[in-house]
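**Q** Protein chains in written order, with my numbering: chain F, 1 to 127; chain D, 128 to 254; chain Z, 255 to 381; chain V, 382 to 508; chain W, 509 to 635; chain P, 636 to 762; chain A, 763 to 889; chain G, 890 to 1016; chain X, 1017 to 1143; chain B, 1144 to 1270.
Derived from the structure by calculation, the hints contain no laboratory data.
Calculated pairs, DSS-like style, for lysine-lysine (alpha carbon to alpha carbon, straight line, at most 27 angstroms):
1) Z:Lys321 / A:Lys826
2) D:Lys139 / D:Lys194
3) G:Lys956 / P:Lys699
Taking CB as the label site, the calculated pair distances span:
4) F:Leu107 / D:Ala223: 24 to 32 angstroms
5) P:Gly658 / F:Ser29: 44 to 52 angstroms
6) W:Arg532 / X:Thr1065: 44 to 52 angstroms
7) F:Glu15 / V:Pro506: 55 to 63 angstroms
8) D:Ala223 / F:Pro125: 27 to 35 angstroms
9) P:Gln757 / X:Glu1041: 23 to 31 angstroms
10) F:Leu41 / W:Arg532: 53 to 61 angstroms
11) F:Ala57 / X:Asp1091: 33 to 41 angstroms
12) W:Thr516 / F:Leu107: 53 to 61 angstroms
13) G:Glu965 / D:Pro251: 39 to 47 angstroms
14) V:Leu488 / F:Thr8: 53 to 61 angstroms
Some chain F residues flagged as far from chain A (calculated, every beta-carbon gap over 12 angstroms):
15) Thr13
16) Pro40
17) Arg51
18) Glu58
19) Trp71
20) Arg74
21) Asp75
22) Val92
Predicted model, so just to flag it, every value in this text is computed and none were measured.
Beta carbons: idealized from backbone N, C-alpha and C, even for Gly.
Number of protein chains: 10
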Amino acid sequence: MVKDAMPTRPTKTLETFPNPSPGREYEISFDIPEFTCLCPLTGQPDFATVRIRYAPAERCVELKALKLYIWSFRDEGHFHEAVTNRILDDLVAAVAPRWMEVEGDFLVRGGIHTVVRAAHGQRPPAQ
Amino acid sequence: MVKDAMPTRPTKTLETFPNPSPGREYEISFDIPEFTCLCPLTGQPDFATVRIRYAPAERCVELKALKLYIWSFRDEGHFHEAVTNRILDDLVAAVAPRWMEVEGDFLVRGGIHTVVRAAHGQRPPAQ
Amino acid sequence: MVKDAMPTRPTKTLETFPNPSPGREYEISFDIPEFTCLCPLTGQPDFATVRIRYAPAERCVELKALKLYIWSFRDEGHFHEAVTNRILDDLVAAVAPRWMEVEGDFLVRGGIHTVVRAAHGQRPPAQ
Amino acid sequence: MVKDAMPTRPTKTLETFPNPSPGREYEISFDIPEFTCLCPLTGQPDFATVRIRYAPAERCVELKALKLYIWSFRDEGHFHEAVTNRILDDLVAAVAPRWMEVEGDFLVRGGIHTVVRAAHGQRPPAQ
Amino acid sequence: MVKDAMPTRPTKTLETFPNPSPGREYEISFDIPEFTCLCPLTGQPDFATVRIRYAPAERCVELKALKLYIWSFRDEGHFHEAVTNRILDDLVAAVAPRWMEVEGDFLVRGGIHTVVRAAHGQRPPAQ
Amino acid sequence: MVKDAMPTRPTKTLETFPNPSPGREYEISFDIPEFTCLCPLTGQPDFATVRIRYAPAERCVELKALKLYIWSFRDEGHFHEAVTNRILDDLVAAVAPRWMEVEGDFLVRGGIHTVVRAAHGQRPPAQ
Amino acid sequence: MVKDAMPTRPTKTLETFPNPSPGREYEISFDIPEFTCLCPLTGQPDFATVRIRYAPAERCVELKALKLYIWSFRDEGHFHEAVTNRILDDLVAAVAPRWMEVEGDFLVRGGIHTVVRAAHGQRPPAQ
Amino acid sequence: MVKDAMPTRPTKTLETFPNPSPGREYEISFDIPEFTCLCPLTGQPDFATVRIRYAPAERCVELKALKLYIWSFRDEGHFHEAVTNRILDDLVAAVAPRWMEVEGDFLVRGGIHTVVRAAHGQRPPAQ
Amino acid sequence: MVKDAMPTRPTKTLETFPNPSPGREYEISFDIPEFTCLCPLTGQPDFATVRIRYAPAERCVELKALKLYIWSFRDEGHFHEAVTNRILDDLVAAVAPRWMEVEGDFLVRGGIHTVVRAAHGQRPPAQ
Amino acid sequence: MVKDAMPTRPTKTLETFPNPSPGREYEISFDIPEFTCLCPLTGQPDFATVRIRYAPAERCVELKALKLYIWSFRDEGHFHEAVTNRILDDLVAAVAPRWMEVEGDFLVRGGIHTVVRAAHGQRPPAQ
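Produce the complete structure using the sequences and hints provided.
**A** Here it is in structure tokens:
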């Protein structure tokens, strides 16, 4: 029972582990209210809740790696639409899921509340 | 990192930018609780929350332009049903989306709470 | 900017106006928490929220006329099931919609909360 | 086990019964979402939830009588401020409570939600 | 305007009345938070909210009869799964609906919140 | 680890145990959504959530005994005001608390939601 | 039963009527989700819910006049703190209440939700 | 009316009873907010609400056995994804349902809220 | 940036750190939904949310130590009333606060939801 | 109507403006869900909603300056208790309010939700 002694830093590397039930199509959801990046135009901070939902195939996203990945956007400039698609692309590349959906739910800017939702593959209709 | 020095005024012009992920059908939502116009019959103010949801094709709506566009209705007379369809028409003309939905959720008049919801194209069923 | 000087009275007449977007199938919703009628058995008052949702074809229901129509039930005896269907019949006769749904959500009687929901035509599945 | 066969009609008479615990200061609350009367200016219906809270002295308000009393306002014209005070006056006259509070919570008129709250006597601070 | 003078007692008899709109498929819902019966193993009381939703064919359930029917379980021993199906069977026998759904939502036992939902026939998909 | 093999029956007896912290004034709350008794006039069932809050002195109410005590009202006729005071009297007699409050929150009858709240002694103001 | 035929326009004049219960200290609340004015720096629209609570002395605020008064700020530039105090000043001047409280609850600007609350006189503590 | 005198202990054995309505496809749901196990890496406790929904075939899960089964994970190390699938596997083995869904809704770890949802068989679409 | 490599185990030791603002009376709140212990009579698990609120004097509770302290009850038998007072006693002994309040909010047992709230010292009234 | 062209950067400087109603004690509240800083031990990001409530004396906090001030903590290491007191100290130094309260409501760490609330001066009791 010894916890990790390695330094933890933000990283775009997404560690994975083998899906414990690869024969079954099932669903994993992550709600992450701690996303922040910068506005590419003004350099001012933006904030969002990121929601990820996917059906794993051979690999699952490791929870702590996901935390460090989300952290890695903190000092980068990103538009709402682009960064939501970027997170989806990175996660799909890392775990090659049956399907995956990423939602970026951004705090109000200019009196407008923006949510971007992108998907890879098709969620089964009746599930 | 210099913020816009141009005067900001209400305008019906809807600036757009290229969709950063044109190859993927995904969804962008805006909730705008700051819509107001005038009743064409009495000249009295009406208030609504406008909700926009769309799948971009080649172009996306620019957030600040959307704010100025919503502002442009402030001194105009519009009926609930007509103005909701008008906003949909203007946005469709500006970005030619795969599909788009506009909802006008109006504050109570005559003890009745009215919501108008119009769509252009068809939202994919399983998304 | 002169407001109506005509006497306003309860009436079963449902004034309409031309649909401003007859070429598009879209949806209008009214929430009316001010419905009251009498129980036909005991003569005691009943109370309901009436919810109307429809897709207009050639004509739309006029908001003030709808208010006066709802008022017209105040001194009449009606059962829950019958009056909800009656409102649907009257509204369909007045505007001949593509489809329409009426919901009567009645306050508790005998410890039971009753909701009656009737529809004319078919709401499109994917909307 | 025979229920009342007497006709039930709206009435301003407020029947009471002896307080079962006259030696203790305690509190009775009624929430009544079924109040309606008429606007004295336009004759149009108004709707309110009436909330009553009191500490009985020698007499308590009878529940069914309270229902018929609330019913009795249905065809009468009353302003919001006056009718709330009137209900308080009538109830105080009927049961002479240690203290009593009446709240009239009216549905939106002119975009404004009005609540009137009047009290007779003083609610104990620490209760 | 004379209210019922007959004794009201719990009864398994479910009185009905003719559907006022037999030509239309529509939906009636009852929420009844006052169901109680006994645990057949321990004799201790169980509590549930019973929710009924159906499309009437020729007959509708009479509201007061439904109240007395629900009351009739008060001193009987029933398991959660069985009693929910029993209520569905009794109601289907009484009104022969187009379709019907009964939900028994039971208060926590052993740290577990149980809901049983049974249906007769098929609710139309797009309604 | 053997659970009680004694028959459990409804009972007015309220078993108690010694307060584990008699030197400190602290607060215990019970929310009991499973109270039912009969209406003394009609014999029909009434339902309530009973809420108890008290500061123990020498004795505390035993949880299982409280459950059996609440059960004991199931087949008895009680008015709302009287039964709430009765529960307070019984509990005060059983544990002689520093102060105690009992609230009976009854389901709607005649369109009116009734809550009765009675207290013994005085809750400290600043707690 | 003839409704007003006079033109209705925004106005800073606050019509009043005699308090129907001048001998009793009681409370009137208005919730007005339809306030809008302009930012004095940028000219862009601001939006707020205005909440007013007061105890009338000799005069009460007339509801329709209050609506027109709130409307009168639509084209004026005001800071959040100043306009909330201004509304309080105007209303106090119009009705000379026992006490009054005005709350301006403004929509998000710069990621910050601002509420300003100002009072004239002292609300009785135990009410 | 004698309650169980047998020792109750955590157990992986899932007792069942015959489905009282085997001829009907219906749904049983359990919400269990009392799941806890250990993190296999750190040995620290994890907490979840487990939600089970299924349509029984020949056998139903016995409620008390389900409680003891959930208890049996208390001192075992399990990953979120694996344990949710394990519970589904065990329950399917015990009752061979028409279909079953298990959801593990875990408390926040690393700022991330994780939900795992796995199903066996196919829930009927229109139910 | 190296995270702790020491084994983390449940412990009754409550590490503290110096209050960074000892000259000011201020308030710290912890909500901990992850408390579990055993019932001393049956050995079965109990679950609670523990809420702690205090004004530090010279020392503050260290967050990670608090987590390990809460963990330390996992395999111990405790009654609701006693364990809430025990946590208050331990925390008071560790940090000698100006005042402190501990609330144990336990999941339903026997259909009853129990909350125990104990305080040390007096929270300032106007804060 | 020209918006600021100056670069906007995070800054600890808190610009102020003269209180428009210095003769009245009133209250201004800011809810800021966009606070983030770093954990001084691990360097990992922390997130909080900061709530500020104060009664201005001679000066008020300027809204845009407040936004830049909150931003200035983004790359700094701060403990929960210290940073909340620091914000209070800075704001008090900037505007010398009659009283002020600052609340830091931090996202979950180690399964514990922490709120720190500090005040300068005394909020009037009856307001």
